[in-house]
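**Q** Below, each chain spelled out in residue letters.
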Amino acid sequence: MKEQEIKRTISLKIIVAALIISLLIFASGVIIGLAFSQASTNSLSNELDSLQAQTSFLEVASQSNFGPSINQTKLLCPLYSSQLSSFDNQTELFRQKLDYLIQTRGLTDPSVLSLQSSYDYLQARDYLNIKRFDYQCGFNFNSVLFFYSPNCPDCDNQLTNLAQVKKQSNFSVFIYSFDGTSGQTAVNALKAIYNVSNSYPVTVINDKVLYGVYNQSEILSYLNQSSS
Amino acid sequence: MIIDYLIAFLVIFSVVLVILLYFLPDVPIVIDKKKTLPSISIILPVYNEENSIGQTIHSVCNSSYPKNSSFELLVIDDGSKDNTYNVAKTIAKEYPNKVKVYRKENGGKSKALNFGILESSGQIIATLDADCIVGKNSIELLCQMFSDSSVMAATAAVKIKEPKNFLEKMQQIEYLFILFNRKLMANLNSVNVTPGPLSVFRRKVFDEIGLFDTSNIMEDQEIALRIQSKNYRIVTNNQAIVYTIPPSTFSSYVRQRVRWNRGGLRNLINYYYLIHPNYGDFGILIMPLWVLSVLAIFAVMGLVINNIITGNFFEFLKYGLLIPIIYGIGPISILSIFSIALGLIWTALGWWYYNDENLTLWNMFLYFFIYPILSTYVWLVTLFKELKMEPLKW
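These protein sequences, in sequence, are chains A and B.
For the first sequence, my numbering begins at -13 and goes up steadily by one.
For the second sequence, my numbering begins at 8 and goes up steadily by one.
If you are wondering where the hints come from, they were derived from the structure by calculation, not from laboratory data.
Possibly wrong hints are sitting among the right ones.
[Said to hold, decoys possible] What follows is a list of derived Cβ distance ranges for each label pair:
#	chain 1	residue 1	chain 2	residue 2	range
1	B	N314	A	K(-1)	39 to 47 Å
2	A	Q211	B	K395	57 to 65 Å
3	B	K171	A	Q76	18 to 26 Å
4	A	D140	B	I333	27 to 35 Å
5	A	S71	B	F305	47 to 55 Å
6	A	S103	B	I333	18 to 26 Å
7	A	E45	B	L324	15 to 23 Å
8	A	A175	B	L324	43 to 51 Å
9	B	E393	A	S103	46 to 54 Å
10	A	A175	B	P295	55 to 63 Å
11	B	L387	A	I179	37 to 45 Å
[As the list claims (entries may be wrong)] Within a straight-line C-alpha distance of at most 20 Å, the following computed DMTMM-like cross-link-like pairs (lysine to aspartate or glutamate) qualify:
#	chain 1	residue 1	chain 2	residue 2
12	B	K237	A	E(-9)
13	B	K176	B	D138
14	A	K152	A	D140
15	B	K325	A	D85
16	B	K325	A	E78
17	B	K168	B	E181
18	A	K152	A	D142
19	B	K190	B	D363
20	B	K176	B	D363
21	B	K166	B	E364
22	B	K96	B	E112
23	B	K143	B	E101
24	A	K(-7)	B	D138
25	B	K211	A	E(-9)
26	B	K325	A	D142
27	B	K105	B	E126
28	B	K100	B	E57
29	B	K105	B	E147
30	A	K153	A	E78
31	A	K(-7)	B	D33
32	A	K153	A	D95
33	B	K143	B	E126
34	A	K(-7)	B	E126
35	A	K(-1)	B	D33
We put the CB at the ideal spot given by N, CA and C, even for glycine.
Using the sequences and the accompanying hints, generate a full structural model.
**A** This is the structure we're talking about:
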């Protein structure tokens, strides 16, 4: 060692202290972050429960027998009609939040997958409700079922076109979209009702089954046909 | 993604380490003020500096270096195309036997420095930049440190005086934080750059490890790494001030910083072998952190570019602000908040340390939140030039 070379030292105490403090901060951050994640999932879950409860009430009410002196149709039809738009907005907002969670956490997250399944079930019930009330009350709602598969560019295009039509429509258009490959009971049941094959995208406009991508004017023309 | 967690941990660890180092006592340097200061040669390479050379020469010659110690200033005109040489010759007449002016054909700063070193006679060699103003007692303070025989190089406190615009103000604060970090690194004998504006070396350093690398655009960093590779000691004195003129336009700022980045990357690659316990704290802490921080910068840039190219970035915009804020809080966002908080603590420590520098809270806020955007842009340009394999130049 030359005269002016210095003896190198390793400040182990500082390094260990820094490591321990960093690990504590890191662990705290992870724990707090996971708590927030869980809280947002719980919040969405509560929101979904509330939506389920709204759907449940009207569903049960429409199926109950109040006796010959009570005109159910007269009572429930206006109620259903008045809350439909608001309910649709609430479910749309919920869908955006759920979409965001799926984008950020993925469907491999069990809590997100559970929310998606419950949301699909809610949509299926809501679709059946709208069909029932449409029949019972003589409404002329336009209900659209949309089946897609993951990583399907045509499906993204078709969904975009449907969303644009919903925005532009002069009449009510209610869109219910499902991952046709999810294997869920509610989704399979809906596919079975319309005899839908696994060739996505599939759009069911007022009970008419359409395969492939349709532009906005084509979709509008099918909706018009169904209305008239 | 795991890489997000790794980057978060790295940032937290780096800042925690720096904060802990702040509370370490300074490593003592044995200064014998009674001892006669060694003879010093100050090498001043110049190129097209006819407007600033005068104030630099005057600031050096009017410094407080004791009269009984030998002192010479060698001005090396590196083939200037303006009147620099004649201006220097005229001023040199005011300081007979102190200032010598040489002229050589243009070959770059390192060659000019080496020329001066070979012409010099001092036991201590200082290197100086032409647009700098040396504090009255800076040279004396730096030379006093060499009474400690373990000191082989000493760095001054490079500062910016009277910034004229926002960019210069940000650089002023940045330079103060560089000094702050260097003070902490000196306690670990891990100073990794001997800044061009003013650094002082024992002549023995050049005799043993050679002169400045003329092919290197960050020669001041390269020589510091070479000194570290020999286990020699580099110290810093934050009272020995030298004022420099920073780039005042955005384009000149980017040009300078891209040069620093590209030169720094090459030095890092050439001296990767210093990542070794043989080099103590420098080898197992500072060098690895330097490597990891560069990798982290590229990783983050890669992630951002990938998100923009794949459209993921624009996908998230469709959710507005509220949904991501409420539903996007998770481990990574909390760790990011913690990292920012630690960074604020470090900034506050630096602000308190430099409480005589009149740094306002507003300027600190801008430095902490806005200046990193400029740095990110500089790194993007660096990456672009590296991928294009553009030749290195000053």
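**Q** Taking the hints in turn, state whether each one holds.
**A** Status of each hint after checking the structure:
Between B/N314 and A/K(-1) the CB atoms are about 41 Å apart, so this pair conforms to the stated range of 39 to 47 Å. Under the hint 57 to 65 Å, the C-beta atoms of A/Q211 and B/K395, about 58 Å apart, fit the expected range. At roughly 57 Å, the beta-carbon separation of B/K171 and A/Q76 lies outside the given 18 to 26 Å, and the hint is violated. Distance hint check: the CB atoms of A/D140 and B/I333 are about 33 Å apart, consistent with the given range 27 to 35 Å.
Our hint of 47 to 55 Å for A/S71 and B/F305 holds, since their Cβ atoms are close to 50 Å apart. Range check, A/S103 to B/I333: about 22 Å between beta-carbon atoms, so the 18 to 26 Å window is met. Taking the beta carbon of each, A/E45 and B/L324 are about 37 Å apart, not inside 15 to 23 Å as hinted. Checked against the hint of 43 to 51 Å, the pair A/A175 and B/L324 fails, with Cβ atoms roughly 36 Å apart.
For B/E393 paired with A/S103, a C-beta distance near 48 Å keeps the hint of 46 to 54 Å intact. For A/A175 and B/P295, the Cβ-Cβ distance of about 59 Å falls inside the hinted range of 55 to 63 Å, so the restraint holds. B/L387 and A/I179 have their C-beta atoms about 54 Å apart, which leaves the hinted 37 to 45 Å range violated. For the given pair, B/K237 sits about 7 Å from A/E(-9) by alpha-carbon distance, which is consistent with the 20 Å threshold.
For the given pair, B/K176 sits about 18 Å from B/D138 by alpha-carbon distance, which is consistent with the 20 Å threshold. Simply put, A/K152 and A/D140 have alpha-carbon atoms about 18 Å apart, close enough for the 20 Å limit, and the pair holds. At most 20 Å may separate the alpha-carbon atoms for a hinted pair to count; B/K325 and A/D85 meet this at roughly 11 Å. Using a Cα cut-off of 20 Å, the hinted pair B/K325 and A/E78 holds, with the two alpha carbons roughly 14 Å apart.
Between B/K168 and B/E181 the CA atoms are separated by roughly 13 Å; this keeps the pair inside 20 Å, and the hint holds. At most 20 Å may separate the alpha-carbon atoms for a hinted pair to count; A/K152 and A/D142 meet this at roughly 15 Å. Simply put, B/K190 and B/D363 have alpha-carbon atoms about 17 Å apart, close enough for the 20 Å limit, and the pair holds. The straight-line distance between the Cα atoms of B/K176 and B/D363 is roughly 16 Å, inside the 20 Å bound, and the hint therefore holds.
Simply put, B/K166 and B/E364 have alpha-carbon atoms about 10 Å apart, close enough for the 20 Å limit, and the pair holds. A threshold of 20 Å between alpha carbons decides the hint, and for B/K96 with B/E112 the separation of about 17 Å falls inside it, so the pair holds. Taking the CA atoms of B/K143 and B/E101, the gap is about 18 Å. The hint holds against a cut of 20 Å. Restraint check for A/K(-7) and B/D138: the C-alpha separation of about 37 Å exceeds 20 Å, so the hint is violated.
Between B/K211 and A/E(-9) the CA atoms are separated by roughly 12 Å; this keeps the pair inside 20 Å, and the hint holds. Between B/K325 and A/D142 the alpha-carbon distance is near 15 Å, which keeps this suggested pair within the 20 Å criterion. Between B/K105 and B/E126, the direct Cα distance comes to roughly 14 Å. Compliance with the 20 Å bound is thereby established for this hinted pair. A threshold of 20 Å between alpha carbons decides the hint, and for B/K100 with B/E57 the separation of about 16 Å falls inside it, so the pair holds.
Between B/K105 and B/E147, the direct Cα distance comes to roughly 16 Å. Compliance with the 20 Å bound is thereby established for this hinted pair. With a CA separation close to 12 Å, the supplied pair A/K153 and A/E78 stays within the 20 Å bound. Taking the CA atoms of A/K(-7) and B/D33, the gap is about 17 Å. The hint holds against a cut of 20 Å. For a cut-off of 20 Å, the pair hint linking A/K153 to A/D95 is broken: about 32 Å separates their Cα positions.
Straight-line distance between C-alpha atoms of B/K143 and B/E126 comes to about 25 Å, which puts the hinted pair past the 20 Å bound. Under the criterion of a C-alpha separation no larger than 20 Å, the hint pairing A/K(-7) with B/E126 is inconsistent with the structure, at around 33 Å. At most 20 Å may separate the alpha-carbon atoms for a hinted pair to count; A/K(-1) and B/D33 meet this at roughly 16 Å.
Comparing the model with each numbered hint stated earlier shows that hints 3, 7, 8, 11, 24, 32, 33, 34 do not hold.
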